[in-house]
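S.K.: Line order of the protein sequences matches chains A and B.
Mapped onto this note's numbering, the consecutive letters of the first sequence carry residue numbers 1 to 294.
Mapped onto this note's numbering, the consecutive letters of the second sequence carry residue numbers 1 to 299.
What the hints contain is simulated information worked out from the structure, not anything from laboratory work.
Any given hint might turn out to be false.
Reference listing, derived: stretches of chain A covered by chain B, where coverage requires no fewer than 3 residues with Cβ under 8 Å from a Cβ of chain B [to be verified]:
no. : region
1   : 42–48
2   : 59–65
3   : 156–167
Glycine included, each C-beta is placed from N, C-alpha and C at the ideal position.
One letter stands for each residue in the lines below.
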Amino acid sequence: MSGLLVEKSSVSPFKAGSGASAKKWKSTIFWILLTIYGLLTLYPLFWLVISAFKTNAEFMNRPFGLPEAWQVDNFVRAWKSSKMGTAFANSVIVSVVSLVLTLFISALASFVIARLKFKGKGLILGFFVVGMLIPIHSTLVPLFILMKQMSVLNTYWALILPYTAFALPTAIFVLTAYLTSVPKEIEEAAFIDGTGLWGVFLRIMLPISLPALSTVTILSFLHSWNDFSFALVFISKSSLKTLPLSIATFADGYQTDYGLTLAAMTIAVIPTIIVYLAFQEQVMKGMTAGAVKG
Amino acid sequence: MTNTLNVRRFVILGLLPALVLYSLFVFVPVIWSAYYGFFDWKGIGAAKFIGLKNYVEVIHDPVFWRALKNNVIFVLASVLGQLPLALVLAIVLYKSNPLQRFLRSAIFMPMVMSSVIIGMIWQYIYHPQIGILNFLLDAVGLSSWKLQWLSDDKIAIFSLIPPLLWSFVGLYLIIFISALQNIPGEIHDAALIDGAGGLRKIVSITLPMIWSTVQVAIILCISGSLKSFDLVYVMTKGGPAHSTELLATYMYNSTFSSYRYGYGSAISTSIIIISLLFIGTSQWLTSRKSKQEAKGGHA
Chain A
1 MSGLLVEKSS
11 VSPFKAGSGA
21 SAKKWKSTIF
31 WILLTIYGLL
41 TLYPLFWLVI
51 SAFKTNAEFM
61 NRPFGLPEAW
71 QVDNFVRAWK
81 SSKMGTAFAN
91 SVIVSVVSLV
101 LTLFISALAS
111 FVIARLKFKG
121 KGLILGFFVV
131 GMLIPIHSTL
141 VPLFILMKQM
151 SVLNTYWALI
161 LPYTAFALPT
171 AIFVLTAYLT
181 SVPKEIEEAA
191 FIDGTGLWGV
201 FLRIMLPISL
211 PALSTVTILS
221 FLHSWNDFSF
231 ALVFISKSSL
241 KTLPLSIATF
251 ADGYQTDYGL
261 TLAAMTIAVI
271 PTIIVYLAFQ
281 EQVMKGMTAG
291 AVKG
Chain B
1 MTNTLNVRRF
11 VILGLLPALV
21 LYSLFVFVPV
31 IWSAYYGFFD
41 WKGIGAAKFI
51 GLKNYVEVIH
61 DPVFWRALKN
71 NVIFVLASVL
81 GQLPLALVLA
91 IVLYKSNPLQ
101 RFLRSAIFMP
111 MVMSSVIIGM
121 IWQYIYHPQI
131 GILNFLLDAV
141 GLSSWKLQWL
151 SDDKIAIFSL
161 IPPLLWSFVG
171 LYLIIFISAL
181 QNIPGEIHDA
191 ALIDGAGGLR
201 KIVSITLPMI
211 WSTVQVAIIL
221 CISGSLKSFD
231 LVYVMTKGGP
241 AHSTELLATY
251 MYNSTFSSYR
261 YGYGSAISTS
271 IIIISLLFIG
281 TSQWLTSRKS
291 KQEAKGGHA
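Given only the sequences and the hints, what does the whole structure look like? Please build it.
M.R.: This is the structure we're talking about:
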C-alpha cells in the first residue's frame with residue numbers, strides 16, 4: 001500500500017525489446033487512446049458544471065459546448081430555493097460528529113486489541129471484522145424499528161449512531177493492523193516512567209497512529225457525507241435533511257428547471273471534488289485501505 | 001507500574017463503547033431482521049406471528065427472483081467487466097509519471113462523489129428527449145439507435161451498468177495498482193530476460209503474483225453489487241415494472257412503500273444469506289483455482 005507514491009525502478013512492460021519506430025508509434029497511439037478514456041470519465045462532471053450555467057433553452061438545444069451567457073443566477077436561485085445552506089450544515093454536523101466518535105471509539109478499542117493482553121482477543125477482532133461483510137441495506141428495517149422505539153427518528157442521532165457503528169469494523173481493522181506493527185518497547189518505557197494506560201493511549205498511541213487515523217478519517221467522512229439510504233429512511237423532516245437527500249428531493253420538485261437542479265447538484269458535489277483534488281493520493285489510499293490489508 | 005486489575009478494567013472500558021454501538025446498530029439488527037420476518041406487521045398496531053409464511057412467499061415471489069437476477073447481472077458486470085478493465089488499466093498506469101497520475105485521479109474521481117449526484121447525471125445522459133446520449137446519436141447519424149434507455153423495461157437494467165462501472169472502476173484500479181507496486185522489480189527483470197513480455201507475462205507472472213488481491217476484489221465486487229441501492233433508487237426506483245428491481249430496492253419498496261415490515265425483513269434476511277452464499281462460493285472457486293495453478297507450476 002505504501003508504494004502508491006513511490007516511483008518504482010522496474011522496467012516498463014511496454015518498453016521491452018529493441019526500440020523499433022513502429023513500436024514507438026503504437027505506444028503513442030495507445031497513450032492517446034488512454035488519455036481520451038481519461039477525459040471521457042471526466043466528461044459527465046464537466047458537463048454537469050457547464051450545464052449548470054445554461055438557460056433551459058440552451059440546455060435542451062445545445063447540450064454540448066460552453067454556455068453563451070453564463071447564468072450565475074442559477075446558483076443564487078438554487079442556494080435560496082433549495083435550502084442548501086441548511087442541508088450543508090446538517091451534512092457537516094452529522095459527518096463531523098460521527099467522525100469524531102468513530103475516531104475516538106475505534107482508536108481506543110484498537111489500542112486495547114492490539115497492545116494489551118486479554119482472553120478472547122481474536123474472537124473480538126473477528127466479531128468486528130465480520131461487520132465489513134454485512135450489507136447495510138439488510139439492517140434498514142430493524143434499525144428503523146429500533147430508532148422508532150428509541151424515539152431518535154428525525155434527529156441527528158438517527159444518522160450519527162448508525163454512521164459511527166458502520167464505520168467501526170473497517171476503522172478497527174485498519175487501526176489494529178497498524179498498531180500491531182508498532183514495537184513493544186515504545187510503551188514499555190512509558191509504563192516504567194509511571195504513565196498510566198490512558199496516558200499511553202492519549203499521548204503515545206494516538207500520535208503514533210496518525211497515518212492510520214487519517215485513512216479512517218477519509219473513509220468514514222466520505223461515507224457519511226455521501227450516504228443516501230440511511231438519510232432516506234431515518235429522516236423525513238426537511239430541516240434535518242442532509243445534502244444527498246435534499247438534492248434528491250429537490251430534483252423531484254424542480255424536474256423541468258434544469259439550470260436550477262444542475263446548479264444545486266454542482267454546489268453539492270464541488271466540496272468533495274475540491275477536497276479530493278487537494279488530497280488525491282491520501283484519498284485513494286484511504287478508500288482502498290480496508291480492501292488491500294484484507 | 002500498572003497492575004493487572006487496572007489493565008482488566010481498561011480492557012473492558014476500552015472495548016465497551018465499540019462493542020455496544022456495533023452490536024446494537026450492526027450485528028443485532030441482522031438477527032432481529034430474521035425474527036421480524038416471522039411476523040405480519042404494517043409498522044403500526046400489533047404484529048401477528050405468521051411463522052414461515054413471509055419466507056415461503058419470498059421463495060414464490062417472481063419479483064424477488066427478478067431482483068435477484070438483476071443483482072446477479074450486476075455482480076457479473078462487475079466481476080467480468082470492471083475487474084478486467086481495472087486490471088488492464090492498472091498494468092499500464094501503475095507507475096507515476098504525470099500522465100499516469102492524471103489518468104488515475106480522473107478514473108478514481110467518481111468514487112468520492114455521492115451516488116445521488118452520479119445517478120442524476122446519468123439520468124440526464126439517458127434522458128429520451130434532452131439526453132446527451134440520444135443527442136449524440138442524432139449528431140452522428142445513428143438516430144435509429146436511439147432508445148428509451150431507462151424506460152424500456154427490456155434494456156433499462158443494462159443501461160444501469162455503465163454508470164455502475166464508471167463509479168467503481170477507480171476503486172479496483174487503485175487496489176490493483178497497490179498490489180502491482182508490491183511486486184519486486186527483479187521479477188519484471190527476470191521475466192524480460194526469459195523473454196516473457198506482454199500478454200504472456202501478465203498471465204503467467206503478474207496475475208498469479210496478485211491473485212490474492214484479485215480474490216479480495218471479487219469479494220468486494222459481490223458485496224458491493226449486492227449493496228447497490230442508491231444509484232438504482234435515484235435513476236429508476238426499480239422500475240419500469242420491476243425491471244430494474246434489486247434485492248435492496250425491493251426490500252425498501254416492500255417495507256416503506258407497501259408498509260409490509262415483516263415481508264421486508266424476510267427479504268433483508270435473504271439478502272444476507274445470499275451474499276454469504278455468493279462470497280463463500282467465490283472464495284471456494286478462486287482458492288481452488290489458485291491451488292490448481294500451484295500444482296501446475298510444480299509439474
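S.K.: All the hints need checking, so say for each whether the structure fits it.
M.R.: Okay, the hints, checked on the actual structure:
no.: 1; hint: 42–48; in the structure: holds (count 5)
no.: 2; hint: 59–65; in the structure: holds (count 4)
no.: 3; hint: 156–167; in the structure: holds (count 5)
Taken one by one, the earlier hints all hold for this structure without exception.
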